[in-house]
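Trainee: Here is what each chain is made of, one letter per residue.
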Amino acid sequence: MEIFSIKNAKKSFENNLDVLQDISISVAKGEVAAIIGPSGSGKSTLLRCATLLEKMDSGELYYSGEKAAWNNEAGKTVYASPEKLRQIKSKFGLVFQNFNLFPHYSVLKNITDAPISIQKRKKDEVIQEGLVLLEKMGLSDKADAYPFQLSGGQQQRVSIARALAMKPDILFFDEPTSALDPELTGEILRVIRSLAAEHMTMVIVTHEIEFARNVADRIIFIAGGVIVEEGNAESLISDPQNDRTKAFLNRLQR
Amino acid sequence: MSISVMLSKLGEGMITSVLIFTLTLLFSLPLGLIVALARMSKNIILKNFTRIYISIMRGTPLMLQLLVVYFGPYYLFGISISSGYRFWAVILAFSINYAAYFAEIYRGGIESMPLGQYEAARVLGYSESQTFMKIILPQVIKRIIPAITNEVITLIKDTSLAFSIAVTEMFTVAKAIASSEKTMVSYVAAGIFYYVFNFVVAVVMESIEKKLDYYR
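Protein chains in written order, with the working numbering: chain A, 6 to 259; chain B, 899 to 1114.
Relax, there's no trap hidden among the hints.
To give an idea of the chain A side of the interface with chain B (calculated C-beta under 7 Å), a few residues:
1. F107
2. I123
3. Y151
4. F153
FRET-style restraints, in silico, Cβ to Cβ:
5. S939/B with G70/A: 36 to 44 Å
6. F969/B with K128/A: 55 to 63 Å
7. L90/A with K1109/B: 31 to 39 Å
8. M1031/B with Q92/A: 19 to 27 Å
9. Q133/A with G1014/B: 27 to 35 Å
10. F969/B with K125/A: 52 to 60 Å
11. E71/A with I1051/B: 51 to 59 Å
12. E140/A with D1111/B: 24 to 32 Å
13. M1011/B with N20/A: 22 to 30 Å
14. V1101/B with S17/A: 50 to 58 Å
15. G957/B with R256/A: 52 to 60 Å
16. R256/A with N941/B: 44 to 52 Å
Hint data in this document are derived by calculation from the structure and do not stem from the laboratory. Beta carbons: idealized from backbone N, C-alpha and C, even for Gly.
Make a model of the complete structure from these sequences and hints.
Mentor: Next comes the structure, spelled out in structure tokens:
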């Protein structure tokens, strides 16, 4: 079953830079897709369009078959009603590069506030689930701590728990380890790997090629706003077909 | 005049001063937030109107504004001024003046918030108003407390400007006593009062700041 798909996404910014030029991706249930590419290739913009933080100029967006955006007759993107979008927003989660935790909320409240006050789920239940999530993240003792008291890696784990608490069908990661010290990236990669083992559907924008190769089913290489090459993770890394993919991977390995 | 009579008269003036202070804050703090939001609005008319309003409020003396608010209804519209209006003219003039200063402080605080906070809230499904009330405003308040404290302390001293339209606050009483009794004592007493008042306010604001220190 298709959990997420974006079709013919185009986006340009005021400086006339075509950041996305006709990109289509769909992700099946339980699949892990990694998006790699040089900086400025449009991979972050793609993720921001997928998570409704940025509006496409044209293109379609679906979550579990539900229409979030489609093209009108003039070929411009039309978005669903705010109410519908709010409903669709509970189908996906996004983990930011810079965590973006709420500093004035305790760790547990960061995780439980949206399920309680936005999704209107039962408070006791949500708190119970929140504690389970923290335990899974190895942060049981941090429920009452505040974000500033945590290391970057711990903060990122909280933000993953915050996204999971919404019970999304799919989780997006925007370079989840880029803001971390190298010795802290391992703990985040471990968490993502364990989510993959549980068949969580994920789309991960990353610079960690080895990690992408290990954890992802499929790798999508984006450059200059287009998909240059995509395919099975292992074969794309070990045997890239396109010259630009080869050049990119070569540069990383040096 | 005995010291005790003098102090009781000053005490009455003091109550008026405290009342001006309290009511002004009560009105100007929320009003300032509304002005700040209007100032940042996408509506060009609203934005420019508040911009001009803030510019006038900050660009002319509070005493002048007070006189305009008090005498304006009579000179501009021929409305006779009732004696009860005197006190409320002070509250009105002070509130709209301080709201302008607070508005700029709020605006600075709101604009200093990282975009990521809005985006995180948006992805989690918070509406715009929920994002503002639950995520943004509490953090803004923490950031602006020191600047607010500055204004609040200035307000205490500004209450003495009510003197210019003969509202019998502390300073008016002190001056009357000084000239009728030919003594400096009332000024000294008034000075002590203002100092103590400021001191108390500073302590209160500091404790609020400390209370918000649980996060960074």
